[in-house]
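The whole structure should be built from the sequences, with the hints applied where relevant.
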Amino acid sequence: MKEKEIKTDFKEHEVILYAEKEDDSFGPVVSGSYLAANYLDELYLIWGNFEKQWCERLLKMEISPVARYKNLEELSLSELASRAGIPRRKVKKHLLHKHFMKASVKELQQYADVFNVPVANFFQVIETKQDGSWNLGHNREAAKARPLTISQVKTANPLVVITNPEKTAS
Amino acid sequence: MSEIPYKHAMAAHCESGTVTNLVNHHGLKISEPLVFGIAGGIFFGYMKTPMREFPTIFSRIRPGKILDNFTRRTGVKFRKQRYTDPDKAEQELDRLLEAGQPVGLQVDFFYMEFFPPWHRVHINIHYIVAVGKEDDHYLISDCYHPTIARLHKDSLRKGRFAKGSMAPRGLIFYPVSVPAEIPIKTGVLNGLKNTINNMLRIPLPFLGVKGIRRFADKLVEWPGYANDIDHLAHNIFLVTTILEDQGTGGAGFRYIYASFLREAATILEKPVFNEYAKTMMEIGDDWRNLSLFASRIAKNRDLGTDKLKEMGDLIRENADKEERFFTDLKQAIAS
Chain W
1 MKEKEIKTDF
11 KEHEVILYAE
21 KEDDSFGPVV
31 SGSYLAANYL
41 DELYLIWGNF
51 EKQWCERLLK
61 MEISPVARYK
71 NLEELSLSEL
81 ASRAGIPRRK
91 VKKHLLHKHF
101 MKASVKELQQ
111 YADVFNVPVA
121 NFFQVIETKQ
131 DGSWNLGHNR
141 EAAKARPLTI
151 SQVKTANPLV
161 VITNPEKTAS
Chain P
1001 MSEIPYKHAM
1011 AAHCESGTVT
1021 NLVNHHGLKI
1031 SEPLVFGIAG
1041 GIFFGYMKTP
1051 MREFPTIFSR
1061 IRPGKILDNF
1071 TRRTGVKFRK
1081 QRYTDPDKAE
1091 QELDRLLEAG
1101 QPVGLQVDFF
1111 YMEFFPPWHR
1121 VHINIHYIVA
1131 VGKEDDHYLI
1141 SDCYHPTIAR
1151 LHKDSLRKGR
1161 FAKGSMAPRG
1171 LIFYPVSVPA
1181 EIPIKTGVLN
1191 GLKNTINNML
1201 RIPLPFLGVK
1211 GIRRFADKLV
1221 EWPGYANDID
1231 HLAHNIFLVT
1241 TILEDQGTGG
1251 AGFRYIYASF
1261 LREAATILEK
1271 PVFNEYAKTM
1281 MEIGDDWRNL
1291 SLFASRIAKN
1301 RDLGTDKLKE
1311 MGDLIRENAD
1321 KEERFFTDLK
1331 QAIAS
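Those protein sequences? They're chains W and P, same order as listed.
For the first sequence, position 122 matches number 122 in this note's numbering, and the numbering has no gaps at all.
For the second sequence, position 117 matches number 1117 in this note's numbering, and the numbering has no gaps at all.
I should point out that these hints are in silico values taken from the structure, not numbers from a laboratory.
Treat the hints with care, since some could be wrong.
Unchecked claim - Listed next, the in silico DSS-like pairs over lysine-lysine satisfying Cα-Cα at most 25 Å (straight line): (1) W/Lys-2 - P/Lys-1048; (2) W/Lys-154 - P/Lys-1158; (3) W/Lys-154 - P/Lys-1133; (4) P/Lys-1077 - P/Lys-1185; (5) P/Lys-1163 - W/Lys-154; (6) W/Lys-106 - P/Lys-1158; (7) P/Lys-1029 - P/Lys-1007; (8) W/Lys-92 - W/Lys-52; (9) W/Lys-7 - P/Lys-1330; (10) W/Lys-102 - W/Lys-92; (11) W/Lys-90 - P/Lys-1278; (12) P/Lys-1080 - P/Lys-1153; (13) P/Lys-1163 - W/Lys-92; (14) P/Lys-1153 - W/Lys-106; (15) W/Lys-93 - P/Lys-1163; (16) W/Lys-7 - W/Lys-21; (17) P/Lys-1270 - W/Lys-2; (18) P/Lys-1088 - P/Lys-1163; (19) P/Lys-1153 - W/Lys-7; (20) W/Lys-106 - P/Lys-1163; (21) W/Lys-21 - P/Lys-1278; (22) W/Lys-92 - P/Lys-1048; (23) P/Lys-1080 - P/Lys-1065; (24) P/Lys-1153 - P/Lys-1163; (25) W/Lys-106 - W/Lys-90; (26) P/Lys-1029 - P/Lys-1080; (27) P/Lys-1153 - P/Lys-1133; (28) W/Lys-102 - P/Lys-1163; (29) W/Lys-52 - P/Lys-1299; (30) W/Lys-21 - P/Lys-1029; (31) P/Lys-1299 - W/Lys-11; (32) W/Lys-21 - P/Lys-1321; (33) P/Lys-1158 - P/Lys-1133; (34) W/Lys-154 - P/Lys-1088; (35) P/Lys-1007 - W/Lys-11; (36) W/Lys-90 - P/Lys-1163; (37) P/Lys-1153 - W/Lys-93; (38) P/Lys-1330 - P/Lys-1185; (39) W/Lys-90 - P/Lys-1048.
The structure is reproduced here in structure tokens:
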């Protein structure tokens, strides 16, 4: 493909593509990601729907917090079991609310490490509401306009984080 | 400790880019397409793995093989070591950086926190180079990032010791011996032969050209894996991501391979390879058109059987073209 045809303008996510240049040589071109430039809003919409869907099922106790994060991170059962170092059979049970209640704190820590979130996040949904609409995270415009930044600072105790809602600097 | 003078350069692909930048640092001037081609990097596969709920495609050889094949075919020697103890792995990394050695690392991309969260996914086969340390942060040269980035040591440790499929197990790698001249002609020829063999002769129905055909045939079954239309759309979008966005240089590595063939024409003194390069560029255009088609039907949620069949037909055409291409290329090498 010709350089000028392949180039996409999207500074937030740039990639290296190989293309036919003006002088007929082939070489690298810095371009914005085609997918991100043209379909990021659509992907945000899909992810937002997933996030909302899994959160609603969590609140209805149909699934556990582990299942919610597993689905959000698109990990298969085997992959999660392998990453957390917990038997697959046990992980399968922990995806359900009633069995999740029997999970040990150590196991929760193992799951939290895989998802890179504090254990505390298994017991809360952090939401920044704007105009009464749902803004869990995967809403690009809402994320940009978010008036608050929620930072969760690690402490020496791996089970405890300090959560700081701060006004986003404009 | 501070930053090692290291020429950071973005690259199409993390593994070939990392290897290229590391050998360039050690004085061997070579391009990324040449490293990729000598390693026989281009490939195709379609399979259902335990890692994902959906079947997946890949358009290059197994992670780690670019480094292995390149070193075997050029005589460049790398030290490669894995660790079971994260403390020892970190101490060794610090020692090497202190000695001025940039160090290649295998990591889980998810923990590369210098990228925005929406970009990061769990994938254990990302390659970076550590080029320094400042207090609790490592200085990282990541081929997908425009500049040298800072990464907290805890995040790097998590990335290096993530478990799961193809776990990095703390892998470090760096050149220990780089010859002034490498057997470039033999390397290029062996890379070409390896690729032709992979694309045409592996007797498994999901690899090479057969893998492309299997992808074409099985695509209509994808709705059976999906929870709903959004889930299916998301996975059809992933086809575009895998072909265009996950460090392929565009069109599932076909464009970078075309660049390699251009260089091969000069190295092998076979001008006919310029024509093959052009044909591969056109095949790349077909893959890119497939990506655009996939994105369009995913966005419109136009994912009925007829559309998936239409997409399957486009994929099948690519399989036919690649079969012809690699068969002709085989004859060109022999002549």
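- Query: Do the alpha carbons of W/Lys-52 and P/Lys-1299 lie within 25 Å of each other, as the hint requires?
  - Reply: holds (19 Å)
- Message: Need the status of pair W/Lys-154, P/Lys-1158: alpha-carbon distance at most 25 Å?
- Response: Distance of about 15 Å is within 25 Å: holds.
- Under the criterion that the straight-line Cα-Cα distance not exceed 25 Å, is the pair W/Lys-102, P/Lys-1163 satisfied? Between W/Lys-102 and P/Lys-1163 the Cα gap is close to 24 Å, so the pair holds against 25 Å.
- Message: Can you confirm whether the C-alpha distance between W/Lys-92 and P/Lys-1048 stays at or below 25 Å?
- Response: OK: W/Lys-92 and P/Lys-1048 at ~20 Å, within 25 Å.
- Message: Checking one constraint from the list: CA of W/Lys-106 to CA of W/Lys-90, max 25 Å. Satisfied?
- Response: holds (14 Å)
- Query: Does the structure keep P/Lys-1163 and W/Lys-154 at a Cα separation of 25 Å or less?
  - Reply: Between P/Lys-1163 and W/Lys-154 the Cα gap is close to 22 Å, so the pair holds against 25 Å.
- Query: Holds or violated: P/Lys-1299 with W/Lys-11, Cα cutoff 25 Å?
  - Reply: Given pair P/Lys-1299, W/Lys-11 holds - Cα atoms ~22 Å apart, limit 25 Å.
- Message: Please verify whether W/Lys-106 and P/Lys-1158 have alpha carbons no more than 25 Å apart.
- Response: Given that 25 Å is the threshold and the Cα spacing comes to 17 Å, the pair holds.
- Query: Does P/Lys-1163 lie within 25 Å of P/Lys-1088 when you go C-alpha to C-alpha?
  - Reply: holds (17 Å)
- Query: Within a Cα-Cα threshold of 25 Å, do W/Lys-93 and P/Lys-1163 meet the stated pairing?
  - Reply: holds (20 Å)
- Taking 25 Å as the top limit, are the C-alpha atoms of P/Lys-1163 and W/Lys-92 close enough? holds (18 Å)
- Does W/Lys-21 lie within 25 Å of W/Lys-7 when you go C-alpha to C-alpha? holds (11 Å)
Of the hints listed earlier, those the structure fails to meet are numbers 1, 9, 11, 19, 37, in rising order.
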